[in-house]
Amino acid sequence: MPDVHLAAEVCIGVVVATSHLIYPQAVGGDIGCGMLAVAVDVEASALKNPKTAAQLLNEIGRAVPSRRHNRNAVIPQPAEIASDPLSHARLEAIRQKEGEIEFATLRSGNHFLEMQADEEDRLWLMVHSGSRALGQVIRDHHLARAQLVEGRLRALDAESDIGKEYLHDVLWARQFAAASRKAMAEETGKVLTRILKRSISWETMIAIDHNHVALERHGERELWVHRKGAMSAQQGQPGVLPGSMGSSSFHVEGRGCEEALCSSAHGAGRALSRGAARSKFSDRELRRQMEGVWYDYRLTAKLRDEAPAAYKDIRAVLKAQRELVKVIRTLRPVLNYKGI
Numbered sequence: 297m298p299d300v301h302l303a304a305e306v307c308i309g310v311v312v313a314t315s316h317l318i319y320p321q322a323v324g325g326d327i328g329c330g331m332l333a334v335a336v337d338v339e340a341s342a343l344k345n346p347k348t349a350a351q352l353l354n355e356i357g358r359a360v361p362s363r364r365h366n367r368n369a370v371i372p373q374p375a376e377i378a379s380d381p382l383s384h385a386r387l388e389a390i391r392q393k394e395g396e397i398e399f400a401t402l403r404s405g406n407h408f409l410e411m412q413a414d415e416e417d418r419l420w421l422m423v424h425s426g427s428r429a430l431g432q433v434i435r436d437h438h439l440a441r442a443q444l445v446e447g448r449l450r451a452l453d454a455e456s457d458i459g460k461e462y463l464h465d466v467l468w469a470r471q472f473a474a475a476s477r478k479a480m481a482e483e484t485g486k487v488l489t490r491i492l493k494r495s496i497s498w499e500t501m502i503a504i505d506h507n508h509v510a511l512e513r514h515g516e517r518e519l520w521v522h523r524k525g526a527m528s529a530q531q532g533q534p535g536v537l538p539g540s541m542g543s544s545s546f547h548v549e550g551r552g553c554e555e556a557l558c559s560s561a562h563g564a565g566r567a568l569s570r571g572a573a574r575s576k577f578s579d580r581e582l583r584r585q586m587e588g589v590w591y592d593y594r595l596t597a598k599l600r601d602e603a604p605a606a607y608k609d610i611r612a613v614l615k616a617q618r619e620l621v622k623v624i625r626t627l628r629p630v631l632n633y634k635g636i
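In the working numbering, the protein residues as written are 297 to 636.
Hint data in this document are derived by calculation from the structure and do not stem from the laboratory.
Careful: at least some of the hints might be erroneous.
[Claimed, not checked] Now the in silico label distances, taken between C-beta atoms and shown as ranges:
(1) P534 with H464: 22 to 32 Å
(2) G588 with I636: 20 to 30 Å
(3) L444 with R580: 43 to 53 Å
(4) L444 with N368: 40 to 50 Å
(5) E554 with E499: 43 to 53 Å
(6) E581 with T626: 43 to 53 Å
(7) N345 with P534: 24 to 34 Å
(8) E416 with L511: 34 to 44 Å
(9) G588 with G532: 27 to 37 Å
(10) E394 with K493: 45 to 55 Å
Ideal Cβ positions, reconstructed from N, Cα and C, are used throughout, including at glycine.
Given the sequences, and given the hints that come with them, work out the whole structure.
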């Protein structure tokens, strides 16, 4: 995909199809990481007032922690997730311990919660998050059981017992991550109702993930399609393509390009490593790049590795994959909340 960049074993922005082997490294650790976008019944100009923006940013930070909820303030998981055990007793013990307090939390890095304005100045909410520590634990557990096939790549047979256990846990992590994003949007909706006296329009919701493996039909064959930092772009399928914290994002629709395994980039993709970005961009430069976007200025020094210029030009990424998706809506950032 045009947003491809280096990562351990398998690059981010890669799509791989196999007949029977499953590669956990081609999914990654943040299984089910993805996007949620939903409109708010208010114009984005409602956030022009600095006091309103500051209050909203502050209350979102309290409602949606970046790390963990307190044990006495957890958000219940949907019953179908809470009642579905993971494949191994060790994983299940970690799920019961960590899943409860990490559900509906954002994490740090490139994960974010953002208020955006579309071309008609309607306010939209966008959430980017994943399966938190549980995805990493699931990946590591099953990777240790996988067979070394080439270089450092390890694989599981999809028809084997251990392969089926991994696939079950991947599906669970995807459901956990999707429900977590929805819960964060719901908590943000409560904040918007208190401050702006407006509510979320749930019928507009777009939800998609970009770290997964799934059985799909392509041509005459059923294949295990691995996407690591890539989203499904079947014909007519809605998708969300985020830029950086200071650049445009896009709602898109898949074109069903079989040559690309009906897939798309998942965002702008990094142009600089985190270390290089921290070295290159000063606090002052980050503030300059973020002009016009509300964010927590107190965190400027800790967010330099997320500077907009550390990412590729999202419009260039879109141009490079015009055969894969078409743009439905363009959004500009208004208020950005990131965890540290």
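Here is what the structure says about each hint:
1. Distance hint check: the CB atoms of P534 and H464 are about 27 Å apart, consistent with the given range 22 to 32 Å.
2. Between G588 and I636, the C-beta spacing of about 22 Å keeps the proposed range 20 to 30 Å intact.
3. For the hinted restraint 43 to 53 Å between L444 and R580, the CB-CB distance of approximately 48 Å keeps it satisfied.
4. L444 and N368 have their C-beta atoms about 45 Å apart, which keeps the hinted 40 to 50 Å range intact.
5. About 31 Å separates the C-beta atoms of E554 and E499, a value inconsistent with the hinted range of 43 to 53 Å.
6. Between E581 and T626 the CB atoms are about 25 Å apart, so this pair departs from the stated range of 43 to 53 Å.
7. Checked against the given bound of 24 to 34 Å, the beta carbons of N345 and P534, roughly 32 Å apart, stay inside it.
8. The supplied range of 34 to 44 Å is met by E416 and L511, whose beta-carbon atoms lie about 39 Å from each other.
9. For the pair G588 and G532, the beta carbons lie near 34 Å from each other, so the given range of 27 to 37 Å is met.
10. The hinted window of 45 to 55 Å between E394 and K493 is violated, with their beta carbons roughly 36 Å apart.
The structure is inconsistent with the numbered hints 5, 6, 10, although it conforms to all the rest.
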